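There are 2 protein chains.
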Amino acid sequence: MTRTSLADMNCSFARAADVIGDKWALLIIRDAFYGVSRFAQFKRRLGVAPTVLTDRLETLCASGVLERYQPCVDVDRHAYRLTDAGRALFPIVVAFMQWGDEWISGPGNEPVRLSEKCSGRPIAAIQVTNEQGQPLASTEVTFEAGNGADAETRAAFERAST
Amino acid sequence: MTRTSLADMNCSFARAADVIGDKWALLIIRDAFYGVSRFAQFKRRLGVAPTVLTDRLETLCASGVLERYQPCVDVDRHAYRLTDAGRALFPIVVAFMQWGDEWISGPGNEPVRLSEKCSGRPIAAIQVTNEQGQPLASTEVTFEAGNGADAETRAAFERAST
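Residue numbers (my numbering), protein chains in the order written: chain E, 1063 to 1224; chain V, 1063 to 1224.
One should not assume that every hint holds.
Identical copies carry no separate label here, and so any pair may be met within one copy or between two of them.
[What the hints assert, rightly or not] Below, simulated SDA-like cross-link-like pairs (lysine to any residue); rule was C-alpha separation at most 20 Å, straight line:
no.: 1; residue 1: Lys1085; residue 2: Ala1187
no.: 2; residue 1: Lys1085; residue 2: Gly1126
no.: 3; residue 1: Lys1085; residue 2: Leu1115
no.: 4; residue 1: Lys1085; residue 2: Glu1120
no.: 5; residue 1: Lys1105; residue 2: Gly1195
no.: 6; residue 1: Lys1085; residue 2: Ala1124
no.: 7; residue 1: Lys1105; residue 2: Leu1115
no.: 8; residue 1: Lys1179; residue 2: Pro1197
no.: 9; residue 1: Lys1179; residue 2: Thr1204
no.: 10; residue 1: Lys1179; residue 2: Ala1124
no.: 11; residue 1: Lys1105; residue 2: Cys1123
no.: 12; residue 1: Lys1085; residue 2: Ala1069
no.: 13; residue 1: Lys1085; residue 2: Ser1125
no.: 14; residue 1: Lys1179; residue 2: Glu1214
no.: 15; residue 1: Lys1105; residue 2: Arg1183
no.: 16; residue 1: Lys1085; residue 2: Thr1191
no.: 17; residue 1: Lys1085; residue 2: Leu1119
no.: 18; residue 1: Lys1085; residue 2: Lys1105
no.: 19; residue 1: Lys1105; residue 2: Gln1194
no.: 20; residue 1: Lys1085; residue 2: Pro1184
Source of the hints: derived by calculation from the structure; they are not laboratory data. All values reported here derive from a predicted model rather than from experimental measurement.
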């Protein structure tokens, strides 16, 4: 049987990918961090078809990543902004940008420079770390069934570890 | 004009999203970190249509994220594994998982638990930090034109800062 939705997978990665695993959704989120808020601005900056933009904005609002609001109380015009869940995507946005810098644009050829506002110094490379802040490679991390694992997930991890 | 590819955007985020901004590509990468390597394994685990799986595996190989290899020299059968560029996606995989844990599955209900292999302790939450390791919110980070910015990108950042 072919799967059509990832939301029912017993996996937080798949659940996240179901919401933001889409080129246009990701670019909308990037632009929201730049302060873009209006439909016409998104459309002009991204060069995306209006039907696609409408669909992705609606999906991101329904998923709780963006919310519609009315910037001027007197004017009946709405705009979009990141929710708390949306702002929590900041590490993902930076990690995408840094990976693209390193592996596609190439070091020294970064289109966008990210720096700490108060010091002007470049920000650090995003890393997986232990609680003491020491970087961990994927080979130093164990994946195992968590509290929210269903029977299938538990069985899969048990098979993998034997 | 409607844009059809992100690869020509002067933005490392868009270039990364062009390669991995797709649900199935992301799940294939997740599974590659779990050690999945063969077509039939990916197909069974993901429940994805074979045509879609073939397309995504080819795209990920062409983009340099995965590579085909022959696990047994004597057997004419190939498999897939992460390249250096693919392994560098580890922070993105963990960040997706942690975001899904926090905002979709919910704290205490994580299907998968990630821990440091040598200590058994949970890994830290992925964060954007400065060079000293202090966490930075999006409001504490400046985005500006970098060395690889084209005239359009420079103009956009100049407009935004005035």
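Structure-based check of each hint:
1. With identical chains, the CA atoms of Lys1085 and Ala1187 are never at most 20 Å apart, being 23 Å at best within one copy and 25 Å at best between copies.
2. In this homomeric assembly, Lys1085 and Gly1126 come within 20 Å of each other (Cα to Cα) both inside a single copy, at 18 Å, and across copies, at 18 Å.
3. For the homomeric pair Lys1085 and Leu1115, the shortest alpha-carbon distances inside one copy (11 Å) and between copies (18 Å) are both at most 20 Å.
4. For the identical chains of this complex, Lys1085 and Glu1120 are neighbours both inside a copy (15 Å) and across copies (18 Å), given an alpha-carbon limit of 20 Å.
5. For the homomeric pair Lys1105 and Gly1195, neither the shortest alpha-carbon distance inside one copy (40 Å) nor that between copies (36 Å) is at most 20 Å.
6. In the homo-oligomer, the alpha carbons of Lys1085 and Ala1124 lie at most 20 Å apart both inside one protomer (18 Å) and across protomers (18 Å), since each shortest distance falls under that limit.
7. Taking the shortest alpha-carbon separations for Lys1105 and Leu1115, only the intra-copy value of 7 Å comes in at or below 20 Å, while the best inter-copy value is 31 Å.
8. For the homomeric pair Lys1179 and Pro1197, the shortest alpha-carbon distance between copies (13 Å) is at most 20 Å, but the shortest distance inside one copy (24 Å) is not.
9. Taking CA atoms no more than 20 Å apart as the test, Lys1179 paired with Thr1204 passes between copies only; the shortest distance there is 5 Å, against 36 Å inside one copy.
10. In this assembly of identical chains, the alpha carbons of Lys1179 and Ala1124 never lie at most 20 Å apart, being 32 Å within a copy and 37 Å across copies at closest.
11. Taking the shortest alpha-carbon separations for Lys1105 and Cys1123, only the intra-copy value of 17 Å comes in at or below 20 Å, while the best inter-copy value is 31 Å.
12. For the identical chains of this complex, Lys1085 and Ala1069 are neighbours both inside a copy (18 Å) and across copies (11 Å), given an alpha-carbon limit of 20 Å.
13. In this assembly of identical chains, Lys1085 and Ser1125 lie within 20 Å of each other by CA distance both inside one copy and across copies; the values are 16 Å within and 15 Å between.
14. Within a single copy, Lys1179 and Glu1214 get their C-alpha atoms no closer than 46 Å, and across copies no closer than 23 Å, so neither meets the 20 Å cut-off.
15. Taking identical chains as interchangeable, the C-alpha atoms of Lys1105 and Arg1183 are never at most 20 Å apart, the minima being 32 Å within one chain and 45 Å between chains.
16. Taking the shortest Cα distances, Lys1085 and Thr1191 never come within 20 Å of each other, neither inside one copy (27 Å) nor across copies (25 Å).
17. Taking the shortest Cα distances, Lys1085 and Leu1119 sit within 20 Å of each other both inside one copy (13 Å) and across copies (17 Å).
18. Only within a single protomer do Lys1085 and Lys1105 lie at most 20 Å apart by alpha-carbon distance; the minimum there is 14 Å, versus 23 Å between protomers.
19. Taking the closest pair of Cα atoms, Lys1105 and Gln1194 never come within 20 Å of each other, the shortest separation being 43 Å inside a single copy and 38 Å across copies.
20. Taking the shortest Cα distances, Lys1085 and Pro1184 never come within 20 Å of each other, neither inside one copy (26 Å) nor across copies (31 Å).
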